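Protein chains: 2
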Amino acid sequence: MNYLKNVLLIIITIAFTCPITFAQEDSVMIRTIFDKALNEGKAYEALTELCKDIGGRLSGSQEADQAVIWGKEKLETFGLAPVYLQEVMVPKWTRGEREVAYYTVKGSKKPSDLAVCALGGSVSTGKKGIMAEVVEVKSLTELKELGEDKIKGKIVFYNRPMRATLISTFRAYGGAVGQRVNGAKEASKYGAIAVVVRSMSLKIDNEPHTGVMRYGDAETKIPAAAVSTLGAENLSKALKANPNLKMHLRMTCKNHEDVLSHNVIGEIKGSEYPDKYIVIGAHLDSWDLGEGAHDDGAGIVHVAEAARLLIAAGYQPKHTIRVVFYMNEENGLAGGKKYAEEASNKNEKHLVAIESDSGGFTPRGFGADAPKEFVEMLQGHAALFEDYGLNYFGKGYGGADIGPLKEKMETPLIGYIPDSQRYFDYHHARTDVLEMVNERELAMGAASIAALVYLLDKYEAQ
Amino acid sequence: MNYLKNVLLIIITIAFTCPITFAQEDSVMIRTIFDKALNEGKAYEALTELCKDIGGRLSGSQEADQAVIWGKEKLETFGLAPVYLQEVMVPKWTRGEREVAYYTVKGSKKPSDLAVCALGGSVSTGKKGIMAEVVEVKSLTELKELGEDKIKGKIVFYNRPMRATLISTFRAYGGAVGQRVNGAKEASKYGAIAVVVRSMSLKIDNEPHTGVMRYGDAETKIPAAAVSTLGAENLSKALKANPNLKMHLRMTCKNHEDVLSHNVIGEIKGSEYPDKYIVIGAHLDSWDLGEGAHDDGAGIVHVAEAARLLIAAGYQPKHTIRVVFYMNEENGLAGGKKYAEEASNKNEKHLVAIESDSGGFTPRGFGADAPKEFVEMLQGHAALFEDYGLNYFGKGYGGADIGPLKEKMETPLIGYIPDSQRYFDYHHARTDVLEMVNERELAMGAASIAALVYLLDKYEAQ
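First to last, the protein sequences are chains A and B.
Letter by letter, the first sequence follows residues 12 to 473 in our numbering.
Letter by letter, the second sequence follows residues 12 to 473 in our numbering.
What the hints contain is simulated information worked out from the structure, not anything from laboratory work.
It is possible that some hints are incorrect.
No distinction is drawn between identical chains; accordingly, a pair holds when it is met within one copy or between any pair of copies.
Claimed, not checked - Derived lysine-lysine pairs resembling DSS-like cross-links, with alpha carbons at most 27 Å apart:
# : residue 1 : residue 2
1 : K248      : K53
2 : K63       : K214
3 : K287      : K329
4 : K251      : K53
Note that the structure is predicted; figures quoted are calculated from it, not measured.
So that you can see chain A by itself, here it is in the shape it has in the complex (with noise of 0.2 Å):
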């Protein structure tokens, strides 16, 4: 920590001292980029490729071994050098035949459907499926108060929905995956014998959203379904009227051993501290549903132009700049440990580790989850990205994969934010598709991100 206090104190100086000359050869910088990324940039045709080539690419999935070619091919392509695989044990997990599931009132004779997805990691209902009664509970407090006597033998119904008021939707989707992420351990705790959640998105649709649940020390694992907003609105409007409603869930998904697959690693060197690193990041692994175009998909094509763009720019980082597409986010964090641990093992110093994944919509800022000292450094490049509307620097969440970095080696993290507005109608369904992409707005984060890269490789500590 004193080195890194030692570092800090020198970034400040400098910034603070010499703000006026590289201030100007610093906007002609950032402007070079995001002119090459708006004229002639490459993070839409590459996200095409990888969301129409290839699709979805769940860990373990033949998907994702493609997408891993595929990422490596593109750095290439993109001039970084060397471009490496660094193999990680990933969880798999399979969906099985598309889910049903539907609910019959006593004397009606037509089921009503319900619009469900398994959750990542779930066990499957059987192939006959299940059917049931229907308990609806809005928190896992609420589930503690009904008790086994209310449960038992019962499809537990989750359905606390995100917080409308909230500005960002990450923070109302912050207060609101608990009951999909641990649901089903709870429920089953009082006998339970499935749990549907209501789906993560503020958009009433009927688009169910997976996501991962885990059991922990559950003693019996009980599946978890995802069910679409309107579904879950359709449900609990039916259970006023009928609280005896029974359900019917049919899902096949399945759990599989762990398998190889690989975080794909690419690097600009540095020209005066090659062993010195900024890493940017983001997540190669999607949920299958959809495309993955949100999310991570234009993520890892704002990290791998972010590079691009410094090459094309002609700008020769003093460290090197390594860009990381880690496996497994979604359901497992593999690829993000993986890499930590190996960066730590070869005691390899990280200056700064950031990561895009929050969609590729219009940038709004850098959060940076760091020491004071860091933020304020962060806070004083705010200025340079006036003009590009990026107007949020501050404290923030770094990133899932890079999470790990801090904790072992105390690297400070900057995330990427986009706007997040449209974020969570697509996060994890089927609808996270290219056309869901503005070309305009993906390329001004890649921009961002390499202005970004560019200031910190400047002035940050050597």
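Go by the hints and put chain B onto chain A.
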């Protein structure tokens, strides 16, 4: 102007002397407004009606008449009183049959289709259409250089793209739209028999974007069409290979006599100064190709919902809030001119006029077309919007419909500024439909406008 200056002094004094207690009350009110917009907003539902029950509503069309009736009912339902219509004569132009265009290369059997649409106000080609060689130019200057010798008897193809490197796409539009508006008039001077203009869009796709064109003092009125950006790229390439290719264009559009239409006006009466007005407006007409969802259905529901939100939040304005749905912004501005004329004739005091005509995207701020002191007053309110992601408060463009108010009565103008990256993808094209509008982004726009109106009403002059 002396009155206005005094007024501004008072505003500035208030803004700087009583910020603390007022600011707390203000932040609570603004939070209430946003909560209501995001939890129980009615903007998206209203836009759905306007887009799906009515659709495109070009001035003088049956749909425009329906929109007037809808608008009056909507403002009444939203609690405004009185709500009334203001008569205005508007131009009427009809598109006729679907336009046809293709080019043929000598020796090649198959003609190549071009996706075109007539520009608003254009004359017809006649039912048989026209066939002629094509001259590509990038600017009006280039046209002049070519002269009659190279242009006479040909179709002029204006192919200057919008500048992708401008972060504000409105600036990029402003730099390219001259070809569309004046291209026919200018080309006719050199004997051109028609013009085809590259669509005003930064996206390369096959959708032609219509928009107004004007003949001005042209002696000969020649047909004017827009070609999709993809069509423009293809035609340009084909011309390089075969400068003598011939293009066929067929349009049966027509200008008619002016017809009677209406502005729709609704009020929330001021409790202290009922005869002083804060105007919030948008235009009710749209082009005919899409549903006029972003242009300017979003603006219409923004301002209607802003008024409703103020009522729902229990705010009793001191000045009269007047919501105006202007007719005929797209091809004449008759509604905006008429409103200003009547306001001027009645010597109505207009404190400020606000317009939303930049789409239903995430709010970024407000720009004022007004004296420096007014701009500074606006900037003084910026801090209250930070939590909602609005960062730009400064000089800017007001709006087309409210422009005449400034001309006639020196009314300070404010334009609502949402994120601009996607706007021209849809603008004036078949793709400007409800599905391209995000409910949260729309709701936040309405809340932003309501919040600003609240602040202006509270701190504005008496």
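Status of K53 relative to K248 across identical chains (alpha carbons, at most 27 Å): between (48 Å within a copy, 22 Å between copies)
I want to check one pair: K251 and K53. Are their C-alpha atoms no more than 27 Å apart within a copy, between two copies, both, or neither? between (52 Å within a copy, 26 Å between copies)
Using 27 Å as the alpha carbon limit, work out where K287 and K329 are close: within a copy, between copies, both or neither. Within one copy, since 9 Å is at most 27 Å while 62 Å is not.
Indicate which option fits the pair K63, K214 if close means a Cα-Cα distance not exceeding 27 Å: within, between, both or neither. Classified as both; 25 Å inside a copy, 19 Å across copies.
When the structure is compared with the earlier hints, no violation turns up for any of them.
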